[in-house]
Amino acid sequence: GQQLNQSPQSMFIQEGEDVSMNCTSSSIFNTWLWYKQDPGEGPVLLIALYKAGELTSNGRLTAQFGITRKDSFLNISASIPSDVGIYFCAGQLASGSRLTFGEGTQLTVNP
Amino acid sequence: DSGVTQTPKHLITATGQRVTLRCSPRSGDLSVYWYQQSLDQGLQFLIQYYNGEERAKGNILERFSAQQFPDLHSELNLSSLELGDSALYFCASSVTWTSGVGSTDTQYFGPGTRLTVL
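First to last, the sequence lines map onto chains A and B.
Counting with my numbering, you get residues 1 to 111 for the letters of the first sequence.
Counting with my numbering, you get residues 1001 to 1118 for the letters of the second sequence.
Think of the hints as simulated: they come from the structure by calculation, not from any bench.
Since the structure is predicted, the reported quantities are computational estimates derived from the model, not experimental observations.
From the structure, some residues in chain A lie toward chain B, with a derived Cβ separation under 10 Å:
| no. | residue |
| --- | --- |
| 1 | P43 |
| 2 | A90 |
| 3 | S95 |
| 4 | R98 |
Backbone N, C-alpha and C define an ideal beta-carbon position, used for all residues, glycine too.
Model the full assembly from the supplied sequences, consistent with the hints where possible.
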């Protein structure tokens, strides 16, 4: 099935460093979302973006909805050990419709 | 805690068998989505129900079926199981909000059911 291209696939960083990951698609989405998944758990919503060009923050997390509607990025500032996990981007065509997920970025934070 | 519950947490069964996965959405959420997460395919949408009716189908095999009951809980039935069906199965629920600028919704995921087919 269709998936978004998410990069990088994995990141190994030191505590305190900033992190950036992005997602691109060949087709337009009207909503972009970023989820985090811990081992053995379901994805948890971090940030939702509803308008092209929108820049939204949630604590140390900042995400942007690309102007072309075909991409989004997520930044994490001053990483801490509990940021460890898999981060997924997801695109949604319309409210109430399915999510299309990226392949995920595995983040490891070394104390 | 997302408010979405799924049972069982783990399920181990043999090839050829049939299993039923259960999902209870958050209170008030009318939409239920099922997703499959496998190592090689990532998170894939299977099927969506809205207030008891099937709304959308994704990459769902014919051996799989689902339904949503009047109390809004949903069940995903997997039959004639194969080794490749081993995966995490997630349920998500959402409610759509409509305002002057349009509609938005947020999908909240349950903890998943880990299915192992031996």
